[in-house]
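Number of protein chains: 2
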Amino acid sequence: MKLEQCLTEKTVNQNLLSIQYAVRGPVLERAVQIEKELEKGVSKPFKRVVRANIGDAHALGQKPFTFIRQVLALVACPELMTSPSIPEDVKERVKEILEDCIKGSAGAYSPSGGLSLVRRRVAQYLHERDGVSAASEHVYLGAGASDLVKTVLSLFVHDVDGKPPSVMIPIPQYPLFSGTISELGLRQANYYLDEENSWALMIQELERCWREASVDSHVRALVVINPGNPTGQVMHEMGAPYSSMELASFSTSSKGWAAECGLRAGYVELPRLAPRVRAAFEASRALQQCPSVLGQCALDCIMRPPRAGEASFPRWSRERAAVRRALAERANAAARALGAIPGYSCNPIDGAVFAFPRVELPARAQIAAAELNVSADEFYCLRLLEETGICVVPGSGFGQLPGTFHFRTTILHQREEFEHMMESFRRFHIDFLRKYS
Amino acid sequence: MKLEQCLTEKTVNQNLLSIQYAVRGPVLERAVQIEKELEKGVSKPFKRVVRANIGDAHALGQKPFTFIRQVLALVACPELMTSPSIPEDVKERVKEILEDCIKGSAGAYSPSGGLSLVRRRVAQYLHERDGVSAASEHVYLGAGASDLVKTVLSLFVHDVDGKPPSVMIPIPQYPLFSGTISELGLRQANYYLDEENSWALMIQELERCWREASVDSHVRALVVINPGNPTGQVMHEMGAPYSSMELASFSTSSKGWAAECGLRAGYVELPRLAPRVRAAFEASRALQQCPSVLGQCALDCIMRPPRAGEASFPRWSRERAAVRRALAERANAAARALGAIPGYSCNPIDGAVFAFPRVELPARAQIAAAELNVSADEFYCLRLLEETGICVVPGSGFGQLPGTFHFRTTILHQREEFEHMMESFRRFHIDFLRKYS
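So the protein lines, in turn, are chains D and A.
Going by the working numbering, the first residue of the first sequence is number 1, and it counts up by one from there.
Going by the working numbering, the first residue of the second sequence is number 1, and it counts up by one from there.
Derived from the structure by calculation, the hints contain no laboratory data.
Just so it is clear, CB atoms sit at the ideal spot from N, CA and C, and this is done for glycine as well.
Wrong hints could be hidden among the right ones.
Claimed, not checked - Sample of chain D residues at the chain A side, in silico, Cβ under 10 Å: (1) Val75; (2) Ala108; (3) Asp194; (4) Ser217; (5) Ala258; (6) Cys261; (7) Val323; (8) Leu327; (9) Ala328; (10) Phe428.
Stated by the list, open to error - Here are the simulated DSS-like pairs of lysine-lysine, each with C-alpha atoms no more than 30 Å apart in a straight line: (11) Lys150(A) x Lys150(D); (12) Lys103(D) x Lys40(A); (13) Lys103(D) x Lys91(A); (14) Lys40(D) x Lys95(A); (15) Lys10(A) x Lys150(A); (16) Lys150(A) x Lys63(D); (17) Lys163(D) x Lys10(D); (18) Lys47(D) x Lys63(D); (19) Lys10(D) x Lys150(A); (20) Lys47(D) x Lys36(D); (21) Lys95(A) x Lys95(D); (22) Lys95(D) x Lys150(A); (23) Lys103(D) x Lys91(D).
Turn these sequences into a full structure, and let the hints steer you where they fit.
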């Protein structure tokens, strides 16, 4: 029998080698090193690293919603149902969920598409939100949207008319899409959002992209991100002729008001799959058994939060108002503060938890970056990190029009930290211009 | 722009069409139909369907361990830390976990490999179990073992020396492996476990399989299941020369004493990957962000359960003793009862929650099955379901030596149900022999 180390750079799945995931890329790696250096007492121009690379509201100080967490606690440990400090509507929700769990345990597998209660709740939510009825058997739950995006994109891995499959994605985009496209061996076709027009999606640009990609590939899917990540633009309707194509509509507990990233819950609605294709999708999902039942419970609470007249409503309303106020304040303040830095421009931020400012980089800085064999925006972000301790993500990780430079920063930090960041960006950039102009 | 329904049976990823997953296959589909018929009042020779197709102890009445569930409840809802009914060691565990969550929230993403606390705890557990030290940075957490098996197998998707990659798996096997191999477009190479020898793995059979598979493929991985699923044999050591190859060692919270299936937690240890291959593995994992933080907490409790002297220990010990006693009783009783049925044989069940009896099927039954275009063992299981309401999985779903027939049944049912099942198998089989001999 032939025995050797069989997984090498040459013999490993080559698609995996090409995954780029800037959100957890080289700038973050350096940030982690710097944190360790600070711990060892190495002197730096700052006291601590500020992580602004991942859109994780809880990691930046947003508190979880009490209703969601009380429901999770009682589903996990039904002994606590007798606890007098837990409101009645929480207990009712828990009973309803446990009735849908086999033998009343969150430790039993759910059906692979999810608990039927939660799938119905998602369908109801979609109906109320969009005014179009949704069938619960077309709703599938997953471990966040990432998990479901991968299964859906995997459906397209097949040549058509002798051409390899491609997927159209917006630029800038969230690198889950480019990364998953690489992982699955699909081709990526970029359509550019219009920065001058608040990152709007332009039909003629979609058509240009489709025409060019169709020369040597078969365009099989179009990704639309709404609200944009990282750009924050909100798109309202695609309209005909796109509306006749298959549709996969994703959402996740990680974003939105609840911002429950660590619980891993999301859903996809797939209303128009052919039966045999649906069976293939379901077979792939069944291999993973089911998504976390506790994650499903969190999604249930998000789909159907407390309503007026229910015991948990006043507290939930206060918590929600505080989160919305903080998000709106940060979004406005970030766009204003970033836009006021000389050489920066920043679109209004409508619906996302990120800002994606554009930064003018002097020619000498671009040359310095090229000498170090990194892109100019990565060079900028690495210098920013070394001098201010702020860890952001270079625009090239999301894609940008050639010759333009951006970075993505989260805007969810608590007020003091947020003001420190904005002031640091300003000082750093003025200093950077002085050095490289 | 060309617009049409683009996902059809012809244009969908063909690998997904070929996924077979018998555990949730046609017999279960019919069982679900029958449940609905019973609800509508359709008369059957039985009152309810007994699901014996999935190894889900909680679904069969095993109670969750209080320690695990109390920890989950307090991690989810730290307000309950003041609850006087919760033991001190639970509160200490919760503090320790929340210190490793960013800003103390299970709603923040963990690192994609998992919380460092839990990865260290797995490494410590492996060290204590195997007597060989394990590095926590080689431990990766996932949403059950299924999730991690898929990422690890995906590493091998690459032709070597002009030959397509193949994976050696035991027959019988758990269909996660055959299903994932199909999904990834790998080739499956079967090595047969020796039923006459308590499902032992025989070196000469491994070598036969490798030799035959190597004619037109490159064998890149060998799957060993220990304790066997579905066969229940326990393998102790592989020894040289296998011990020099890369190793991926999986485990899951779904099996073992805790049997927490719905929480979706598992780990893989990957001690010997080349650095560039490890980076590719980590990139693929990072696209999925992180596994459920609450699932990780459950794994933490399983890796380091309460010890003598700690407040939760007496209750935990009682609960564990009850589970072990029930499992041992069921395993012995199932092997005995199944072995006593004329035409059945059943190996001792050492370490799994399933029995996999071999059943002699008369030639006339095989002909009847062929006329219906189903395999003889599927025919048998469908008849069993129609006449007794018991839903088991045909042996062909796991693989079996050609000409032999088996089914897999869980043995975790509570005593009364269990006795009903064994008696039903006996009566049904005697009747079946009468009909088809």
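Going through the hints against the structure:
About 9 Å separates the beta-carbon of Val75(D) from the nearest beta-carbon of chain A, less than 10 Å, and the hint is met. A distance limit of 10 Å between C-beta atoms decides the matter here; for Ala108(D) the minimum to chain A is near 4 Å, and the interface restraint holds. The criterion of a C-beta within 10 Å of any C-beta in chain A is not met by Asp194(D), whose closest approach is roughly 19 Å, and the hint is violated. Hint on Ser217(D) is violated. Least Cβ distance to chain A is approximately 13 Å, over the 10 Å limit.
Checking Ala258(D) against chain A: minimum C-beta separation of about 8 Å stays under 10 Å; hint holds. Against a cut-off of 10 Å between C-beta atoms, the interface hint on Cys261(D) holds, since the closest Cβ of chain A lies about 5 Å away. Interface hint at Val323(D): violated, since its Cβ lies 12 Å from the closest Cβ of chain A, which is beyond the 10 Å cut-off. Because the closest C-beta pair between Leu327(D) and chain A is about 16 Å apart, greater than 10 Å, the hint is violated.
Violation of the interface hint for Ala328(D) is found here, the shortest Cβ-Cβ separation to chain A being roughly 21 Å, above the 10 Å cut-off. Residue-level restraint check for Phe428(D) is violated (minimum Cβ-Cβ distance to chain A is 25 Å; threshold 10 Å). Proposed proximity of Lys150(A) and Lys150(D) is supported: the alpha carbons are some 13 Å apart, at most 30 Å. A C-alpha spacing of about 22 Å is found between Lys103(D) and Lys40(A), which places the hinted pair at or below 30 Å, so the restraint holds.
For the hint linking Lys103(D) to Lys91(A), the alpha-carbon distance of about 27 Å falls within 30 Å, and the restraint holds. Proximity of Lys40(D) to Lys95(A) is assessed by CA-CA distance (about 25 Å); at most 30 Å being required, the pair is judged to hold. Proximity of Lys10(A) to Lys150(A) is assessed by CA-CA distance (about 25 Å); at most 30 Å being required, the pair is judged to hold. The suggested pairing of Lys150(A) with Lys63(D) is violated, with an alpha-carbon distance near 34 Å, which exceeds 30 Å.
Restraint check for Lys163(D) and Lys10(D): satisfied, since their Cα atoms lie roughly 26 Å apart, inside the 30 Å limit. Note on Lys47(D) and Lys63(D): the hinted pairing holds, with a Cα-Cα distance of about 25 Å set against a maximum of 30 Å. Proximity of Lys10(D) to Lys150(A) is assessed by CA-CA distance (about 20 Å); at most 30 Å being required, the pair is judged to hold. A C-alpha spacing of about 12 Å is found between Lys47(D) and Lys36(D), which places the hinted pair at or below 30 Å, so the restraint holds.
Restraint check for Lys95(A) and Lys95(D): satisfied, since their Cα atoms lie roughly 28 Å apart, inside the 30 Å limit. This hinted pair does not check out: Lys95(D) and Lys150(A) have alpha carbons roughly 35 Å apart, beyond 30 Å. Note on Lys103(D) and Lys91(D): the hinted pairing holds, with a Cα-Cα distance of about 17 Å set against a maximum of 30 Å.
Of the numbered hints given earlier, the model fails hints 3, 4, 7, 8, 9, 10, 16, 22; all others are met.
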